[in-house]
Amino acid sequence: MTSPEKPQADRFPNGSDAFPHKHLLGISGLQPWEILYILDQAEEWVALNRSGASKHDDRLAGLTIINAFFENSTRTLLSFEIAGKRLGADVVNMHAAQSSVKKGETLIDTAVTLNAMRADAIVIRHGSSGAVQLISEKVDCPCLNAGDGQHEHPTQALLDALTIQRRKGPIERLTITICGDVLHSRVARSNIFCLKQLGAEVRVAGPPALLPDALDRFGVETFSNFEEALPGSDVVMMLRLQNERMNGDFIPSPREYFHLYGLEEARLALARPDALVMHPGPMNRGVEIASNVADNLDRSAINEQVEMGVAVRMACLDILTRKARRVEGWS
Amino acid sequence: MSGFTISGGMAVLPGNPDAVRQDILVSGDVIAKKATGKKRLDATSLIVAPGIIDLGVFATDKPAFRFGGIIRAALMPDQSPVHDDPATIRFAALKGKPDFWVHPLAAATRSLENLKIAEIALMKEAGAVAVSAGRCWIRDSGLMLRLMHYCAALDMPLVIDAEDSSLTGDAVATSGETATRLGLSSAPSVAEALAISRDILLARESGAKVHFRQVTTAKGLQHVRQAKEEGLPVSCGITPAHLLLSDDAVSDYRTFARISPPLRSQEDRAACMAALADGTIDVISSGHSPQGPEAKRLPFAEATPGMAGAETLLALTLNFVRDGAIGLGRLFELLASNPAHILGLNAGELAAGKQADIILIDEDAPWQIDSSKMAALAGNTPFDKLPVQGRVVKMMKGGKVID
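These protein sequences, in sequence, are chains A and B.
The opening residue of the first sequence carries number 1 in my numbering; numbering runs sequentially from there.
The opening residue of the second sequence carries number 1 in my numbering; numbering runs sequentially from there.
Certain hints may be false.
Claimed, not checked - Here's a subset of chain B near chain A, in silico, CB distances under 7 Å, partners left out:
1) S175
2) L184
3) Y253
4) R297
Claimed, not checked - If you want the footprint, here are the derived chain A segments under chain B, 3+ residues with CB under 8 Å:
5) 125–132
6) 138–151
7) 159–173
8) 207–214
Since the hints were derived computationally from the structure, they do not count as laboratory data.
Virtual Cβ for every residue (Gly too), placed ideally from N, Cα, C.
Here chain A stands alone, though its shape is the one from the complex (with noise of 0.2 Å):
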C-alpha cells in the first residue's frame, strides 16, 4: 500500500477538487488525501464543539436533513442530529418502526418519498449491504452511509482515524490491530478500507468463523491468536460481538470468548507501552473488554471516538452541502 501523498504547499487544492464526491457511501473508493481533508475540516469542528456554551455555527441554516433509520441506532443517530442542528439545519428523524417501511413500502418508493420531500441531505442506516447506494441512485441529494449491513459505516472509520490521529500523530507510521467479530462487522470493513488507505500496518484478529475470506487481498495481516497479533500495536481496536452470534452458532460462549479474545490488563501489555485503546461502542464488558482497560483513561479514547463522531459528521454534513449552498469554488 503506498503511503499517501499529501499535497504539501496548500495541503490540499482549491474548492470541490477537494472532495468530488456527491455522496459519503464508503470510505472504498475515496484517495487518501481526501480522507485527509475531512479529517482537516473536522478539526474545526472540534475547536468550535468545545468553545463553550454556544456551539453554533449555522451555515447549514435552512437546510433540511433527513435521518432516515431503517435499523436501530441509538449513538449514531443522537450523533448525526447534534451534528445537524450545530450547523444550523432542520433535522428530521425518520425510524423504520415508524414508517410506511412495516407497511410493505419498497426501499426505492421511500426513497422517492424522501426526495420528493426536497431534503438537502439524507443519513441512512438500512441492514442490507448496498442499499445506501441503491438509495442514492434515486435521489437528488446527498447521501451519508451512517451503516449498511455488513458493508461500511463510513464516518465511524473517520472518526476513528481523527481519534488516532490526534492522539498519536500521523496514521501511516502506526500498527493497528482489529479484534473480534470481522466477518459482521462493516466498522471493521471501513477502518480497514481507511487506515491501509492511509498507510498504516493493519492486523486483523478474531475466531477463524468470524473472518472474512480473502483479507490478505486488502493488505491486512490475520490472527487467530490475539496475543501473537498484539507484540508492537500502537492501536487496539476492539469490536462488539453481537449476543445472538455467543450462543454456540460461532462462539461457543461469552466467557470462553473473553478467555482467548477479550482485551483485560495483561493482554494489553503486549501492546506497546503507550498503545491507544478503541471501540465503536455499546461496548459488552467483560466480553471483549474489561471494565478497568475500557475506563482506563489514559489508555481508553473510548469517549474521544463518540466525541470526536459529532466532528467528523458535521465535517460531512460540511462538505458534501456546499454545493448547493453555491459555496465558491464547489458548484
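Given chain A, work out where chain B should sit, using these hints.
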C-alpha cells in the same frame, strides 16, 4: 404427407465438428432420407441447426423462446403451485402448444418440502420427462438414496441443483474478495463439490441417472469428470453466466447478476471454460427466470435470484465458437442433442427419423442485448448493453414453421 427441402444452408449434422453444406429433407413432422414434396425453403447463407432444447427453465416464456430459437424447454417444478401431481404436470405440458414443447420436470418430493417422495410414476405417465427437487438440494441422504432407487426403477433421470444448503444458508455470494468487500453473506464454493460428491456416491449405489443442472466450480467439475471416467450415468450443465462472468460482476450490487448458484471466482470461471472445451460439460441451458423490478429493484440480498436467459442463450454461446473454444457441432450437442438424450426425446439432431425441430440462424446478424427491450416477461439480464452476433431468422416445430 407433405414435405419440403431446406436448401442451400450450412447444416449442423451429428458427428460433424463444423456445419457442412447439405440440404435437409423434411417429411411430415420428421427429418427424412427422401423429400416427399417439391417445396423448397431457401437457407442460403444461413446455418441450419436443430432447435434448442433448454434443460431447466423457470417460466414458460414463449416470446423469449421464440426469439432465442428454443423449441423445447424443460420446466423446473418449483412453480406456484408446485408441479408435484399429474394434473399440474399435464397442464404445464399443454402450455407450450401449439408452437413449443414444454417438458415438465416432476417434483421429487411433495410440495418440494423434501420430506416425502412425490407420485413420480403417475407424473411420468402424465408427461414428466425427469425428476427434480427444484432449486433446493435434498439434504437428507436417506431420502435422496430412496428417491434415486425409485427414479432408477422408473428409468427417470434426476436433475439436481447441487449446493449443500447447510453451508450456503442465507448466502447470496461466493466467499472471496468481492463478497468481503461488499459485506455480502457468502458461502465457500466447496458447498457445490460437497453436494455433488455425495450425490455421485448415491448414484453409484442406486444406479440412478443423474444430471447436475449447473456445475460452476473447479472442484465440482472434477467430481463429475471422475464419475464419467468411471462410466457412471452422470452428466452436467451450466449457463452462459457462469462461463462468461465472475463475481466481480456483482460489484456495485447489481441485482441482475444475483443468480443461483452465485457467480464464482475468476479461477472457477476459467475451470468452467476448460470443462466446456474438454467435454466434461454436457449441456448449456438458459436457466431462464424472468424477474420483474419488484423482485430486482431491491438491496442485493433481498432481490430474488435468477436471470432472463432464454433469448440470449444462442447469441452468447455462439461467442464460444467464434473464439475457437468449441466447434459449431459441439455447440449444438450442448444446446440440443445432449439435452434430448438426457431427457429421452426423439429430437435434437438433424438425422433421419428425428422430429423436424429446426432453426435457421443468421450467425453474423449483430444486435445489442438491452434489458429494457427484451422479448421475455422481464429483462433481468446480467449482459445488459452487450453487443452480440447471431439471430434466429426462422424456426419450425415438427416440420411446421412458427411465425
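Right, here's what the structure says about each hint:
1. S175: Holds, about 4 Å.
2. L184: holds (6 Å)
3. Y253: holds (3 Å)
4. R297: holds (5 Å)
5. 125–132: holds (count 5)
6. 138–151: holds (count 4)
7. 159–173: Check failed, 0 qualifying residues.
8. 207–214: Per the Cβ count (3), the hint holds.
Of the numbered hints listed earlier, the single one contradicted by the structure is hint 7.
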